[in-house]
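Here the protein sequences come in this chain order: A and B.
So the first sequence is residues 23 to 242, counted in our numbering.
So the second sequence is residues 11 to 253, counted in our numbering.
Be aware that one or more of the hints could be misleading.
What the hints assert, rightly or not - The calculated lysine to any residue pairs, modelled on SDA-like cross-linking and capped at a C-alpha distance of 25 Å, are: (1) K106/B with P224/A; (2) K44/B with N216/B; (3) K210/A with H88/B; (4) K209/A with L248/B; (5) K156/B with V140/B; (6) K209/A with E98/B; (7) K215/B with K209/A; (8) K163/A with S220/A; (9) K44/B with A137/A; (10) K160/A with H179/A; (11) K58/B with A143/A; (12) K210/A with T90/B; (13) K106/B with S120/A; (14) K209/A with E85/B; (15) K210/A with K44/B; (16) K44/B with A235/A; (17) K156/B with S120/A; (18) K156/B with R113/A; (19) K158/A with F224/B.
It is worth saying that the hints were derived from the structure and are not from the lab.
Chain by chain, the residues:
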Amino acid sequence: MAADSRRVARGLDGCECAASHRLVIPLTYKRIFIGRNLGSIGDLDHTGRAAAASRERRDAEGAMNIFKDAGHLFRFAGLFVLAFLIFLVVRNFVVPKSFGQYGHYRGAAIGEIAAHPIKFAGHQACEACHSDVLDKKKTGKHANVNCEACHGPLASHANDPGSVTPVKPDTAVICARCHTASAAKPKKFPQVDPAAHSSGVPCETCHQPHSPAIDAGGTK
Amino acid sequence: MNLSRRQIMILLPAAAIAWKHVLAGTPESSPNYKMTEHWWSMLIDIPKCIGCGNCVRACQAENDVPDGYFRTWVERYHVTDWNMTNPEVISPDGGKEGFPSTADDSGKYFFVPKMCNHCADSPCTQVCPVGATFISPDGVVLVDQKYCLGCAYCVQACPYGCRYIHPEKRVADKCTLCYHRITQGLTTACCEACPTGARQLVDLKNPNDPIHEFLKTHAVQVLKPQMATGAKVFYNELDGSVR
């Protein structure tokens, strides 16, 4: 370690090529500060005389030299403008028309999603024709149960009552879905163990589904 | 007609801008429905839910949701009194065909219907790299399936697990809050099919909507409020163990 540092120190102090160092360093500085107008490196010497002469030459030729080789710059700028125009044209075709109408998305998508066909007609549509069932339902516990909660999606029937006839739901399945006893259901909700409650007798034998309470004249 | 190169250079951008206006056309008008007059959300009344799975079936029928995928589903929580932070949660087939019997009588059981929260500051729309999912002006988070790449960033970003990649379309799919129904004055399919009124469509911009009184007088929460998603599905009497 000590030997290394001693060798380095000797190299800096007593370098045998010290003279060439003195020549090289000023030349480098000249090339940096005086720049391209110096011409070839051969013009240089460490006195700087050639550099001074070159500077005078440059002053004499004046500002005309700045634009002498600018043609390729204009061609480059032209290419740039052309590329930008092509980008604008392509963008017009690629970006959907309604993009950005409401935000950073295709505005027309909202209308497309809204155009999805309806499967559940809604209880208002049912009640428009089946007012008798509505009257019966109003008297019972199922007053607020919508028709399609049990009867399933029937927009097809609502749109074309003549040709689409709904299938009568199976009470053994439909009633049990809601009324099978479970600790997870609200305590006030009427719940039974279907097997123990009816021993396989269909629910509608005793309960009329549209007005299920037996004492409310619900029996058929 | 002789045009100099200079004239062409000036005319081209002008023509491009004019063509853009031709392509844009007139914005679509919907005479009966004004998007700016609504801000949709939903109220889920936990004490009313009986776990019948009607909402799940109705959603699948209404929106052609493929089997095994869910835009809404029902979870059954079982919380024992000594294990509040680690409830047992089941959702067999999304609760579509009901739930197994509650064998263990200890602790409490309850149902939690889940769906897209239609967040006002939704993480899923923020991560979309192409602008295929967005919050509509009436507050519904929608997916433009023609524009979606199927990269599934949004599926990962949703803290509620409400999105999936459609197995056939290979694009993101999710609850649209039955946008095709609510824009026609109907309620959603899940609300239509719910027998107990546990789910209710809410329009926060409608001053006559009962939600305003409900929110004032009930213990209402949203899921994962700490994530600051601006979730808009309000849960009444939500248990603290629900994640």
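Task: Non-conforming hints, listed in increasing numerical order - done: 7, 13, 15, 16, 19
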